[in-house]
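Residue numbers (the numbering used here), protein chains in the order written: chain A, 1 to 343; chain B, 344 to 838; chain C, 839 to 1178.
In case anyone wonders, no lab produced these hints; they're calculated from the structure.
Watch out, some of these pointers could steer you wrong.
Stated by the list, open to error - Which residues of chain C face chain A? A few of them, derived with a C-beta cut under 7 Å, are:
hint, residue
1, G976
2, G1003
3, F1131
What the hints assert, rightly or not - Simulated restraints, written as ranges between beta carbons of each label pair:
hint, chain 1, residue 1, chain 2, residue 2, range
4, A, R333, C, A984, 35 to 41 Å
5, A, R284, B, N659, 47 to 53 Å
6, B, G413, A, P55, 40 to 46 Å
7, B, M454, A, V323, 37 to 43 Å
8, C, P1148, A, R284, 21 to 27 Å
9, C, V1013, A, G29, 54 to 60 Å
10, C, T1073, B, D399, 55 to 61 Å
Just so we're clear, the structure is a prediction, and the values are computed from it rather than from any experiment.
Glycine is no exception: its CB is placed at the ideal position from the N, C-alpha and C atoms.
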Amino acid sequence: MSNNTLPTDQTGSTILPDPRQETVPRRIGAFFAQPVVIVWMIFVLMFPLSRIVSPNFPSLGQLESTLILGLFLVVVAFGQGFVILTGGFDLSVPQTVALGAFLTGYLANTGWPVLGAIAAATIGCAVMGLINGLLVAHAKFPPFIVTLATGSILGSVLLGVSRGTPAQPSPAALSSLFSGKESFLGVPTPIWALVIFALIAYLIQMRSTIGRRTYAVGNSEIASRVAGVPVSSTLIIVYTFAGISSGLAGIMLLGYSSGADLNIGASWLLPSITAVVVGGSAIRGGAGSYVGTIGGALLLTVLSIDLSAAGASEGVKQILYGVIILIALIAARLGKDTGAART
Amino acid sequence: MAFIEIKNVSKHFGATRALQRVSLALDRGEIHGLLGENGAGKSTLMKVLSGVITPDEGKVVIDGEVLQHGDPTAAREAGVGIAFQELSSPPNISVAMKLCLRDTPKNVLGMIAQKRLMSHARTILDEYDAPYIPVDALISEVDLATKQQIEIIAGMRDAKRLLVLDEPTAALPDTNWLFARMRHLVTQGTSIIYISHKLQEIEEICSQGTVIRNGRNVGNFKAGKESEKELVELMIGRSFDHTFPKKRDADVRAVEPIVMVNRLSAGKVEDVSFSIYPGEVVGVAALEGQGQHDLFYALAGITPRTGGQVQITRGNARRDTALVPEERKAEALFLQLSSLFNLTVSTLSDLSRVGLVSKKRERALGTARADGVNLPHTMLDKPVSALSGGNQQKVVFGRALSQDPACLILFDPTRGVDVPTKVELYDLIRSYAQSGRAVLMYSTEIPELVGVCDRVLSMHSGQFTGEFTGSLVSESSILTGALNLQSLSARRGTV
Amino acid sequence: MTISTISARRRRIPGDLVTAVVIFVVIYSLILAIAPFERNLYSFSNFVLLLMPLAVAVIGTSTVLITGGFDLSVAGTLGLSNVLATVLTSAYPDMGVPITIGILGMGLVVGLLNGVLIVLLGLQAIAVTLASYICMTGVALILLSAPGGSVPIEFTSMFKLSIGGFPAALGALIVLCLLWAYLSRTRFGVTLFSIGSDRQAAVISGMPVRATEVGAYAFAGVMYAIAGLFLTAVTASGDPNAGFPFLLTSFAAVALGMVSFRGGKGSAVAAVFGAGSLIALPKLLFGLQIQDFWSGAILGITILLALSLPLLSRVAKRRRRPAVAAVTDTRSRKDLADVE
């Protein structure tokens, strides 16, 4: 063995001095490089920046509007994000949202108590999610095309069933809850809904056993099988949750818009995916935080509000959304590279 | 200056220092052995030579020209040919296409001329004395040994100056064809680096060689001059006898077996029967692709069974089986997630109440498991991809042990693991068996099987060819079984 | 020495192509059987024109899918091509040919950009193509904020040309299919399939993986642009959101064309037949007097059935030969696992 004045570690290999040490500034830098943190920082920054758009901004009313309007995207993006975590996609979101809204309105208007109608609608949407989950887990069809197909079938069924009366007015109780006109302890009720939902969803994704299992399955299906994590039942549960959250969004939208037709869900599909990607979740699955998704959803919402106030055309908005997705992707990619080099 | 010079090449992956200032020199037409066990750094060196990865430092000089790093095309142009193990060919191309990738015959329109492609491939196969390989079959349709041969031929065709062979005989049943081709190749002025951990082969075909351990060049040798024992000591860094824990004392079979396999068929496995008793570590020895993978994975419930029964007496264990699979990165670990997650995810019910995970319990259990496998606590919050190979394997072990299986199934558990960690893993294996459980183990290192196992079954073509217990658990007898030979042929330099 | 037990096979029967053709022939025959007014050349000609946008688009989509990638930008490029054609030809009605060439160039550039971002920067294909779809829709909206405009007849007639009753568009489709068939037999094509079945192995074997992948996206971009031009000819107007329905239909057509979503197998020609089946289905439903709103359900069910076909055939094979267990070479690359 050659002369060795440097210390050796347990493998007998020389311990080379680590050029990149865990200094405090380095750790702070690493913290801020996380996508979750970045998306929230940008969200907060949007408020002072919105002064450019209008002299009335930033304002409390703007914040309130952001949180109220953002509620729906936060809800839908939870289900979509949960599915994306497993490496899949839920393209049946628009039709499931419509199902939630339609069923609630229809049942309430035929005399059902409001809570009963909501419960029935939620169960219906859960069943839709369950079907998706069964097809993905047991038939092993690619989630992208399967949810496309089931969504298409659901949309068709809704059209058929609702013949003549596609638009449903909202039950009064729902409208008052979600229109934003009512307040509880000075805070508009939809914002309370946002906080409660976000809390429950956070617990489900980040702190429950099903959440842990989902991260495992999304990271590696093979390793999950070897580690004894039940892949099929996890997938089924995830898609069911996705169905429920799409349905809940539909129910809330019914209240918010005081009525809904079958197109109520159409404009939520792409934003749900965008919010998840911008929030730092890997589109391939296995990594991501719901806190990031919430940040992504709120960021997109405030951006939309600001751009509308600026009088930007729909076209400009779309281009900006596309660019934001690309920036989020590139940032996540760069973050991954430096993260790897760090260790 | 030598024809081929490798100077001070280093490479690290995260916390793993795969190569540390390795240097080698080859003359023209020399066959140089690169000896080292799995995980010593041989394959990393090969990847540097082939341009697949860029080293952190060092250079490679071929026939006076410095090789451009990280560029496979440059390596090929410099005359470097590599024969990787068989799965580096896309499965859906034809054998002929794989052989003629560099000089595909095209017709006037630019389309591949299939007839000329096939005849060109046949000519090549004739040249390399392998005329029986079907040129129009797809890569996915030929067996492992044939794939390996195709890989070797393709590599030899590329190798104008240097050929690197990575464990080429892992899947080949005998070495005659390969050695004949190698001897022919060197007459044309090509040098060969022959990577292996099989001493007998290196002794037979190489003129001299280098021993690599833990990413470093620990010694050179001339064939025939060093004894096997000395070479093995160089490879594993210490005398062989002291690395293994004490085996079980008596061959007590009074109790009922924990595992009873009766006429099991799955994949390549055909009609196999055996038992494992409590306290036993049973080993399986086989060449690559003889069905051991299907056997182990079928027992673990992953590969579907096509016949037979498996009966496992669980007793007070929590599960029937737990598997430590062949490739921890692809099959066992959740790479992007923390070691803590990896250690605790199999037993979520232990950490949670009403479906919610208690962070305190998670940390407590994770820490306890890390202690159980001697994993430093500082590793717990790091993504498991950042850990060294040895520590990663400890995480896999920790999790498998936490599942408390009646039978622990280990497939090549010490691959890519440094020696001190190996010793710790051997202790874990032995103590788990001693606690009254069964352990089934496959290893590509026959000395390891000899050292750790109470009983060894050799396997060939999906069936058991021999069972060795007590004093018969020795390298030579197990090797006979694994090669499916009736008697040992004379070898040079036997210990 | 082990001798491979596989007997030499000269021709490989393209099972997926046959299935896709059969599905289409069955549907169209049913149409002809049920609706007598469909049994003429004029009807067929209309059908072909209606089919063109989807058929050409899926040639692109399936090519990318074969490499194991994903391309959502079909909707964006198609829509933008449609809007550009509308806006430009309305302003310059006699510049039809240069405008066409320019739009093809746009498709090529967008495809190249996608390819560069995905292959060279290593970003996820679904996300990148989603982003480019959204951006292109934005550009289209700026150019044309609402559906409308009128495309001059000089332009649409270029695409609607008819020779002895047969639509010249059919000829164009055949040419594109032949082009694809040609490409699939070149080194480029072989590399496409190899990347889809095992990208790492293709890289290690020394195949020009990155150039080929970028090429696939660029080729697809041109196809989408062509598809948009045919759409313009059919609708004679522009719609910035014209591409959105194609997200659903192009992947549905690909599924009906038996192209694998995992990559490595499939034929764009089969996907074209899948598109034909998809366009013909509503006609069939109309002939059967099934109400229009059921078309979504029929579409969804057909896709699910198409996805189950490979599953069913595998079950059938296993029942026929019970002794032959599935020989899966479950070993993966040991030492190459370190290579990113």
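Now the hints, each set against the structure:
For C/G976, the shortest C-beta to C-beta distance to chain A is roughly 3 Å, which falls under 7 Å, so the interface hint holds. Violation of the interface hint for C/G1003 is found here, the shortest Cβ-Cβ separation to chain A being roughly 35 Å, above the 7 Å cut-off. For C/F1131, the interface hint holds, since its Cβ comes within 7 Å of a Cβ in chain A; the closest pair sits about 4 Å apart. Distance hint for A/R333 and C/A984: a CB-CB separation of about 37 Å, consistent with the stated range 35 to 41 Å.
Look at A/R284 against B/N659: about 41 Å separates their beta carbons, and that is not inside 47 to 53 Å. Range check, B/G413 to A/P55: about 55 Å between beta-carbon atoms, so the 40 to 46 Å window is missed. Distance hint for B/M454 and A/V323: a CB-CB separation of about 41 Å, consistent with the stated range 37 to 43 Å. As the Cβ distance of C/P1148 to A/R284 is approximately 24 Å, the hint placing it in 21 to 27 Å holds.
Our hint of 54 to 60 Å for C/V1013 and A/G29 holds, since their Cβ atoms are close to 57 Å apart. Distance hint check for C/T1073 and B/D399: the Cβ-Cβ separation is about 59 Å, which falls inside the suggested range of 55 to 61 Å.
Comparing the model with each earlier hint shows violations of hints 2, 5, 6; every other hint is respected.
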